[in-house]
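Participant: Here the protein sequences line up with chains A and B, keeping their order.
Everything in the first sequence is counted per UniProt numbering, starting at 1 for the first residue and increasing by one.
Everything in the second sequence is counted per UniProt numbering, starting at 1 for the first residue and increasing by one.
Take the hints with a grain of salt, since some may be wrong.
Stated by the list, open to error - Pulled from the structure, derived: some chain B residues nowhere near chain A, Cβ distances all over 10 Å:
| id | residue |
| --- | --- |
| 1 | Y4 |
| 2 | I15 |
| 3 | L23 |
| 4 | F26 |
Claimed, not checked - Listed below are the simulated SDA-like cross-link pairs for lysine to any residue, each with C-alpha atoms no more than 20 Å apart in a straight line:
| id | chain 1 | residue 1 | chain 2 | residue 2 |
| --- | --- | --- | --- | --- |
| 5 | B | K24 | A | V105 |
| 6 | B | K57 | A | L60 |
| 7 | B | K179 | B | A105 |
| 8 | B | K109 | B | A151 |
By construction, these hints were calculated from the structure, which means they are not laboratory data.
Values in this document were obtained by computation on a predicted structure and should not be read as measured data.
Glycine is no exception: its CB is placed at the ideal position from the N, C-alpha and C atoms.
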Amino acid sequence: MSSSPSLNTWSDALSGFSIGWFPLGLVIVAVIPLVFIALYALTYGVYGERKISAFMQDRLGPMEVGFWGILQTLADILKLLQKEDIVPTAADKFLFVIGPGILFVGSFLAFAVLPFGPAFIGADLNVGLFYAVGIVAIEVVGILAAGWGSNNKWALYGAVRSVAQIVSYEIPASIALLCAAMMAGTLSMQQITVMQAGPNGFMHWFLFNNPIAWLPFLIYFISSLAETNRAPFDIPEAESELVAGYFTEYSGMKFAVIFLAEYGSMFMVSAIISIAFLGGWTSPLPNIGGLELNTMTSGPAWGAFWIIMKGFFFIFVQMWLRWTLPRLRVDQLMYLCWKVLTPFALISFVLTAVWEIYR
Amino acid sequence: MSEYFSNIKTGATTIATGMAITLKHFFNAVKRKGDAGIDDADYFRQVDGLCTLQYPKEVIPTPPHGRYRLYVNIDDCIGCRQCERACPVECIAIETIKTTNDDLAVCGKTSGGQQKRMWVPLFDIDTAKCMTCGICQSVCPTDCLYHTAVADFSEFDVRNMMYHFGNLSKIEAEAKRKKLAEQQAQAAKEKAATGAPAAKPAPKAAPQQKPGGAE
Numbered sequence: 001m002s003s004s005p006s007l008n009t010w011s012d013a014l015s016g017f018s019i020g021w022f023p024l025g026l027v028i029v030a031v032i033p034l035v036f037i038a039l040y041a042l043t044y045g046v047y048g049e050r051k052i053s054a055f056m057q058d059r060l061g062p063m064e065v066g067f068w069g070i071l072q073t074l075a076d077i078l079k080l081l082q083k084e085d086i087v088p089t090a091a092d093k094f095l096f097v098i099g100p101g102i103l104f105v106g107s108f109l110a111f112a113v114l115p116f117g118p119a120f121i122g123a124d125l126n127v128g129l130f131y132a133v134g135i136v137a138i139e140v141v142g143i144l145a146a147g148w149g150s151n152n153k154w155a156l157y158g159a160v161r162s163v164a165q166i167v168s169y170e171i172p173a174s175i176a177l178l179c180a181a182m183m184a185g186t187l188s189m190q191q192i193t194v195m196q197a198g199p200n201g202f203m204h205w206f207l208f209n210n211p212i213a214w215l216p217f218l219i220y221f222i223s224s225l226a227e228t229n230r231a232p233f234d235i236p237e238a239e240s241e242l243v244a245g246y247f248t249e250y251s252g253m254k255f256a257v258i259f260l261a262e263y264g265s266m267f268m269v270s271a272i273i274s275i276a277f278l279g280g281w282t283s284p285l286p287n288i289g290g291l292e293l294n295t296m297t298s299g300p301a302w303g304a305f306w307i308i309m310k311g312f313f314f315i316f317v318q319m320w321l322r323w324t325l326p327r328l329r330v331d332q333l334m335y336l337c338w339k340v341l342t343p344f345a346l347i348s349f350v351l352t353a354v355w356e357i358y359r
Numbered sequence: 001m002s003e004y005f006s007n008i009k010t011g012a013t014t015i016a017t018g019m020a021i022t023l024k025h026f027f028n029a030v031k032r033k034g035d036a037g038i039d040d041a042d043y044f045r046q047v048d049g050l051c052t053l054q055y056p057k058e059v060i061p062t063p064p065h066g067r068y069r070l071y072v073n074i075d076d077c078i079g080c081r082q083c084e085r086a087c088p089v090e091c092i093a094i095e096t097i098k099t100t101n102d103d104l105a106v107c108g109k110t111s112g113g114q115q116k117r118m119w120v121p122l123f124d125i126d127t128a129k130c131m132t133c134g135i136c137q138s139v140c141p142t143d144c145l146y147h148t149a150v151a152d153f154s155e156f157d158v159r160n161m162m163y164h165f166g167n168l169s170k171i172e173a174e175a176k177r178k179k180l181a182e183q184q185a186q187a188a189k190e191k192a193a194t195g196a197p198a199a200k201p202a203p204k205a206a207p208q209q210k211p212g213g214a215e
């Protein structure tokens, strides 16, 4: 399963650990990404986004709760916990209740194949990348359940738009990821990362290994924005048109779960793009002569640091784009997907194949 | 086809331009924009940066000629009630008591040297109603009613927006009212006693007699 002896040591040891019949280790393996999502959404996701958006607009952002408003998110969570959990009378109660759950599970399931460093991965599937692309499609079901179950025209419009958008953009996204899979020759997330490890740091990354790789990288990044409903592709939750889109009717903790799912999928696509093109948990620093920076900054803990930092960098770019670009129209969205991204993804696919054969 | 590629090119360049602008603002967030007003010469030469004002902690001073909260310098008020009549929203309520002659010295003079002839036990301004039009200020003969530069005077209870400027307490006002009524009754009695023959000297004599008679 692993070429290098140290690969997956932590998660393998954890999964073998159990108390009696109860596989406690497996539970811990699942809990670690969950706690990570919660912590990151609380700090970087909400507080960070509010601060970054504020600074980009020459504002200060939250300032009152704690030093520089650092406890603002905790106060918001406390408020959300106290809120009444409203289910509209006319809603389809079953769909309304399970919608946020499916949404969150959909984005969380992909974390199973994200390697948090060389020593930790939930499940090192040999079809990891394929699984990640496929399992995210469950989110569509959650969005449609939430939008339809709300029995609200805004929610339904948001859900319909969202489904059309996510299903369309999965095509260029998958083709772009296929380019990375072709370069690696494997679909296992750990193996793709190992292929990009080496003493020269970032020089081994697929993005810099192939003269055409920037094209699938860019295409996947744009498509991932659409798949996570981030601006400029946030037409499913367009505030000025649809109130809040498919979660218009949600309040309290259900609303918080939807937000957690959004931040979960934001990190998920950022981690996938880092793994596919930017070397996942490998260190970007090269060994320069006797100064072995790469060797010094590699290892299980450093790996976790690098993958999280790379993910956070792309989340920053997502926020940066969100506060720069206006929202696309529905027809522009479909134009971009079918007439620009898909043809270019196919071109880059062919060029990558040619490069891989003849290099 | 060329339009297709030029569209893509325009899209890429405009996105890059926009992102450069937002990133510039993001890095400028370590600086604060100066607080030069629009009438300052270097208004447009201020550094780019955060321009949020943390209001209760940081305040741009209101101009000294600002026209915000209404204030009465009650020591200068002669109780003419012109402001009350002029107010278009009827936010001023005044009650006056005529000063008895022996109290004229106590009642005092305005800062302009004019003798005050009225006690003003009630001078209420409902600042919640006041629309800061300034008409009352323009009609005031002693310039004792004016808008100040105090702009932040919000209250949690709307009743606290009623400002009381009267210069007599309730008990004092009651006493003055009683005194005036007694004196008027006395004057009426004397007028009745002296009768028609002394009609002419009476107005002159009466005021001189009254102080002694009353006290």
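Participant: Where does the structure disagree with the numbered hints, that is, which hint numbers, in rising order?
Facilitator: Hints 1, 2, 3, 4, 5, 8 contradicted; others consistent.
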